[in-house]
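Now for the letters of each chain:
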Amino acid sequence: MGPIEVLWGSLIVMFGLIGLVRGFLREVGVTTVLAFLLFLLTFFAKQITQALDILIALVRISPPDSVQANLVRYGVYSAVIILVTFISYQGETLTFEGRPVPGPFGIALNLIIGLWNGYLVIGSLWYYMHKLDYPIALFGLFQQPLSPVATVMVTLLPEALIPPYGFLALAAFLIFMRVIR
Amino acid sequence: MLNILIAVCAVLGLRRGVARELVVLIGVILGSLVAPTGARYVPTVVALGQKALGLTKAGAAPSAAALPSGKTSDLIVFGLIFLASIVIARTLVKPPKGIASRFLGTIVGGVNGYLIGRFVFPRIFVEPETVFVVSGLKAQSHFSPGNTAAAVIVFIIVLIGLGIRQSSPPKKKQA
Chain H
1 MGPIEVLWGS
11 LIVMFGLIGL
21 VRGFLREVGV
31 TTVLAFLLFL
41 LTFFAKQITQ
51 ALDILIALVR
61 ISPPDSVQAN
71 LVRYGVYSAV
81 IILVTFISYQ
91 GETLTFEGRP
101 VPGPFGIALN
111 LIIGLWNGYL
121 VIGSLWYYMH
131 KLDYPIALFG
141 LFQQPLSPVA
151 TVMVTLLPEA
161 LIPPYGFLAL
171 AAFLIFMRVI
181 R
Chain W
1 MLNILIAVCA
11 VLGLRRGVAR
21 ELVVLIGVIL
31 GSLVAPTGAR
41 YVPTVVALGQ
51 KALGLTKAGA
61 APSAAALPSG
71 KTSDLIVFGL
81 IFLASIVIAR
91 TLVKPPKGIA
101 SRFLGTIVGG
111 VNGYLIGRFV
121 FPRIFVEPET
131 VFVVSGLKAQ
141 SHFSPGNTAA
151 AVIVFIIVLI
161 GLGIRQSSPP
171 KKKQA
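Chains H and W are the protein sequences, given in the same order. Residues in the first sequence are numbered consecutively from 1, following our numbering. Residues in the second sequence are numbered consecutively from 1, following our numbering.
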């Protein structure tokens, strides 16, 4: 595996391309769901951590702060994020009404919103991986230390940068816009 | 600073076109000429205004500290004439058409910036040397993670709001 920041950037570019294809109005629906999910994950972070500790005790992994235990924790976080992302993209989605924005501005808008959604999804996965001290190293998929670029990028990940109320503000704004249209 | 002012005025000239900028140019020149004479009457007008609003006791003269100084009066008169020229240009002159109008507007805008600086700067920067003191700690505190996050969220919200506004609403089905 190459540097984590390269993988992270490549995946976000993929989301940008998906945004280009799907269009702004569909992508904004995904942003709404993701913003709400990230609000819940950050606002109830303490309770979620406690619940995961109980889960670790139930499956009897010792010690509770071992790499294996963190792998389980990370598995739960990533499963939730990936599941919600899948639901928000697949099938009947929360799409905003209207016609696509024409011209270069519309294309730029599709791309930026796609990239933003990628930042929220992939950035969150990286954030929890970093928080749990990279448990995927157990499979030889990651090697410390982080590069200087990655060290800076870690501070810019969604949950590290944006407080819970920031996500709530974004979700509330989008829901408001969806309702008034 | 003068260069920045000229650049800003040139950009505004590009947007507003040559016709509007010429009106503003007349305002700037007129303001520069009238301000030294008109400034004499500013303290009288301010004192009358204070009396009319009941800010001074009846019969008592207004305090000297409350009245604008000579240089401030100059700037007030110049500013009023300048603002009036902008309003007149915006109200009476049509917006620019074509590249030529915008190009010439940029040049005249730059000239306006120079003339404004020529009038204003000697009245603000009186000393031979003016030193601006900037607190590094205070400047750095503006770039906190919280402010960065707020800027990111505001940018995304504005972008999405703009996008939603631009995407025309669906046509309503006729019954």
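Check before you lean on any hint, since a few could be wrong.
As the list claims (entries may be wrong) - Ranges of calculated distance between the beta carbons of each label pair, as one might list FRET restraints: (1) H:Pro100 <-> W:Lys97: 26 to 36 Å; (2) H:Lys46 <-> W:Thr91: 55 to 65 Å; (3) H:Val149 <-> W:Ile29: 32 to 42 Å; (4) H:Phe105 <-> W:Ser144: 24 to 34 Å; (5) W:Thr130 <-> H:Phe105: 39 to 49 Å; (6) W:Gly79 <-> H:Phe44: 52 to 62 Å; (7) W:Leu137 <-> H:Gly9: 46 to 56 Å; (8) H:Ala45 <-> W:Val126: 54 to 64 Å; (9) W:Leu48 <-> H:Ala108: 51 to 61 Å; (10) H:Pro102 <-> W:Leu53: 48 to 58 Å; (11) H:Leu40 <-> W:Ser144: 24 to 34 Å; (12) W:Thr37 <-> H:Ala172: 51 to 61 Å.
Simulated from the structure, these hints should not be mistaken for laboratory data. All figures in this text were calculated on a predicted structure; none of them were measured in a lab. Note that beta-carbon positions come from the ideal geometry of N, C-alpha and C, so glycine has one too.
We went through each hint and held it up to the structure:
no.	hint	result
1	H:Pro100 <-> W:Lys97: 26 to 36 Å	holds, 31 Å
2	H:Lys46 <-> W:Thr91: 55 to 65 Å	holds, 60 Å
3	H:Val149 <-> W:Ile29: 32 to 42 Å	violated, 55 Å
4	H:Phe105 <-> W:Ser144: 24 to 34 Å	holds, 32 Å
5	W:Thr130 <-> H:Phe105: 39 to 49 Å	holds, 43 Å
6	W:Gly79 <-> H:Phe44: 52 to 62 Å	holds, 55 Å
7	W:Leu137 <-> H:Gly9: 46 to 56 Å	violated, 34 Å
8	H:Ala45 <-> W:Val126: 54 to 64 Å	holds, 57 Å
9	W:Leu48 <-> H:Ala108: 51 to 61 Å	holds, 56 Å
10	H:Pro102 <-> W:Leu53: 48 to 58 Å	holds, 55 Å
11	H:Leu40 <-> W:Ser144: 24 to 34 Å	holds, 25 Å
12	W:Thr37 <-> H:Ala172: 51 to 61 Å	holds, 58 Å
Hints 3, 7 from the earlier list are contradicted by this structure; the remaining hints agree with it.
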